[in-house]
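Colleague: In the order they appear, the protein sequences are chains A and B.
Numbering (this note's numbering) for the first sequence: 1 to 284.
Numbering (this note's numbering) for the second sequence: 1 to 263.
To be clear, the hints were calculated from the coordinates, so they are not data collected in a lab.
Some hints here could point you the wrong way.
As the list claims (entries may be wrong) - In silico lysine-lysine, DSSO-like type, Cα no more than 27 Å apart, as pairs:
1) 179(A) <-> 33(B)
2) 179(A) <-> 129(B)
3) 100(A) <-> 33(B)
4) 179(A) <-> 100(A)
5) 179(A) <-> 235(B)
Stated by the list, open to error - Now the in silico label distances, taken between C-beta atoms and shown as ranges:
6) 178(A) <-> 248(B): 25 to 33 Å
7) 45(B) <-> 268(A): 52 to 60 Å
8) 25(B) <-> 99(A): 28 to 36 Å
9) 6(A) <-> 259(B): 54 to 62 Å
10) 180(A) <-> 18(B): 43 to 51 Å
11) 87(B) <-> 178(A): 55 to 63 Å
12) 128(B) <-> 116(A): 25 to 33 Å
13) 97(A) <-> 128(B): 24 to 32 Å
14) 276(A) <-> 247(B): 57 to 65 Å
15) 36(A) <-> 31(B): 55 to 63 Å
16) 34(A) <-> 124(B): 24 to 32 Å
No residue lacks a Cβ here, since even glycine has one placed at the ideal position from N, Cα and C.
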Amino acid sequence: MTRFRLIWRKSLNVVMLTLTGVAAFAVVSVLFMILGYLIWNGGKSLNWNFFTKLPTPVGETGGGMANAIVGTMKLLFLAAIMGLPIGLMAGVYLAEFGGKAYSFVIRYTTDLLNGVPSIVIGIFASILFVLPVKHYSTFAGGMALAIMIIPITLRSTEEFLRAVPGSLREGAMALGASKWRTIATVVLPAARGGIITGVLLALARVAGETAPLLFTTLGNEFWSPGWNQPTASLPLVIYNYAISPYDDWHRQAWAAGLVLLALVLLTNIGTRVALSRGGASRGV
Amino acid sequence: MPQPRAVDSASVSAKEAGMRFQISKLDFFYGAKQAVYDVSLRIPANHVTALIGPSGCGKSTFLRNLNRMNETIRNSRYTGEILLDGQDIKHLDVVKLRRRVGMVFQRPNPFPKSIYENVAYGLRINGFKGRLSELVEHSLRRAALWDEVKDYLHKSAFALSGGQQQRLCIARALAVDPEVLLLDEPCSALDPVTTAKIEELMFHLKDSCTMVIVTHNMQQAARASDFTAFMLDGKLIEHNETSKLFTTPSDPRTEAYITGRFG
């Protein structure tokens, strides 16, 4: 009897170890397959023209996606300047000031907003920013992405601020710092690394969103001169080119995918490097 | 059952020293829970007063009333009167009060900044315009830390050892030149050698500063303080000159505690 249970326990151990191990391996291999596939297929069509030229009509070879790359950067810029301040400040409020009931409502609403499908946010932004002026625009797309950025930034900011030990706040207040002074000069600097990581994740997350841009920016085969006209963007171009019947466009879509991924990765790595350097000199 | 009144012989012998704090009939509540009961205590200037008692007896809570740190806790309130140099602290601007009454905490809590910026922090937030570097050096010297850190002023405060961090926190508190320094178990996370350094430092600070120290360690109270107050269950049991309280306690509960029969 006991012998049987020993064997049973040991084999259960082996089975569970294998199952969890295989699952972990599957995660890693999916990521590497995507990366490898992108580099393999997209790398072939990447050349200098891709970054500098406009798209060419069907049938003509060559051309690039300069307008989509710039469009995506403009959209992210808009989303960042409009969404990040709201998300950051609301996160500070929740972590440092909020009472019980009001905070609960905000936190719950934020989680709901986080779970709203991105296409619904696209429709919402379209109703607010496209219908009244009767034309698509970079601005409307930026607003749609800003709405998505807010809940992600808010929650991550709140989490990282909560992780700052209370003893630091007490230390500053015991020296006569007001609450806001304490937050600005001690708490926020202490949580800086985490907050910036959260912001980067939020930006990376919306950089690849297609659905909110469908009804807001429309797409554009040419340069978008300002903020008030339809614009091309990498995710939309990938979508349009990938469902087209032309092999030429398929290759371009792969290249666009690779560029989008590289854009996100480079910002991420760049910021981390800058952060760790700045941190060393400041002594964080 | 009537409780025996706290025996406050200390105030008599210390009268000539002048009183920094005069606390009368202090009751303190966390919400509905009372943590300090009817404590009246006088804290003589330029002396060290130790607060001893078992865990949870309310000595830290009492201490945190003196610079109104308890205000940061929601639903807390006190009744009674706390006078600092004859002024009711309730009516003082909290920023000014905390500038006059500095605090050092149980665990060293340096800010994630350089050593220099840690010490300069209190001066900066108080809008100090003057020669910052001189005051930083002066404060670090007063905290007996200058010689150990003078070549690393712009390194992170986290690079220091626990004992150095605690002395840095003392320097940080001293930088704004407080009249009173509240020390909330400042040595409980430190080794005996470092503890001795901090006690020596307290001895030298008496010239310029009044100190109130909460401690678990009765030997420390006996070594480092001039007056000792014994608290139990939120009440002040006995307050006297340290030498008298430890040799001839007048309350049997004080005697039981200092001889190690409980706590």
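Colleague: Under the criterion that the straight-line Cα-Cα distance not exceed 27 Å, is the pair residue 179(A), residue 129(B) satisfied?
Modeller: Answer holds: residue 179(A) to residue 129(B) is near 22 Å, not above 27 Å.
Colleague: For the range 54 to 62 Å, tell me whether the beta carbons of residue 6(A) and residue 259(B) fit it or not.
Modeller: holds, 55 Å
Colleague: May I ask you to test the hint 57 to 65 Å on the CB atoms belonging to residue 276(A) and residue 247(B)?
Modeller: Since residue 276(A) and residue 247(B) have Cβ atoms about 58 Å apart, the given range 57 to 65 Å holds.
Colleague: Regarding the pair residue 179(A) and residue 235(B), is the alpha-carbon distance no greater than 27 Å?
Modeller: Not satisfied, since the Cα-Cα distance of roughly 32 Å exceeds 27 Å.
Colleague: If I claimed the Cβ atoms of residue 97(A) and residue 128(B) lie 24 to 32 Å apart, would that claim hold in this structure?
Modeller: Since the Cβ atoms of residue 97(A) and residue 128(B) sit about 28 Å apart, the hinted range of 24 to 32 Å holds.
Colleague: Does the structure keep residue 100(A) and residue 33(B) at a Cα separation of 27 Å or less?
Modeller: Holds, at about 20 Å.
Colleague: Tell me if the beta carbons of residue 34(A) and residue 124(B) are separated by a distance inside 24 to 32 Å.
Modeller: With a Cβ separation near 49 Å, residue 34(A) and residue 124(B) fall outside 24 to 32 Å, so the hint is violated.
Colleague: Measuring from beta carbon to beta carbon, are residue 87(B) and residue 178(A) in 55 to 63 Å?
Modeller: Given about 21 Å between the Cβ atoms, the range is violated.
Colleague: Residue 180(A) and residue 18(B), beta-carbon distance inside 43 to 51 Å?
Modeller: Cβ of residue 180(A) to Cβ of residue 18(B): about 37 Å, so the range 43 to 51 Å is violated.
Colleague: Can you let me know if the beta-carbon spacing of residue 178(A) and residue 248(B) is within 25 to 33 Å?
Modeller: violated, 47 Å
Colleague: Checking one constraint from the list: CA of residue 179(A) to CA of residue 100(A), max 27 Å. Satisfied?
Modeller: Within the cut-off at roughly 18 Å; holds.
Colleague: Should the hint that residue 36(A) and residue 31(B) are 55 to 63 Å apart at their CB atoms be regarded as holding?
Modeller: holds, 60 Å
The structure is inconsistent with the numbered hints 5, 6, 10, 11, 12 and 16, although it conforms to all the rest.
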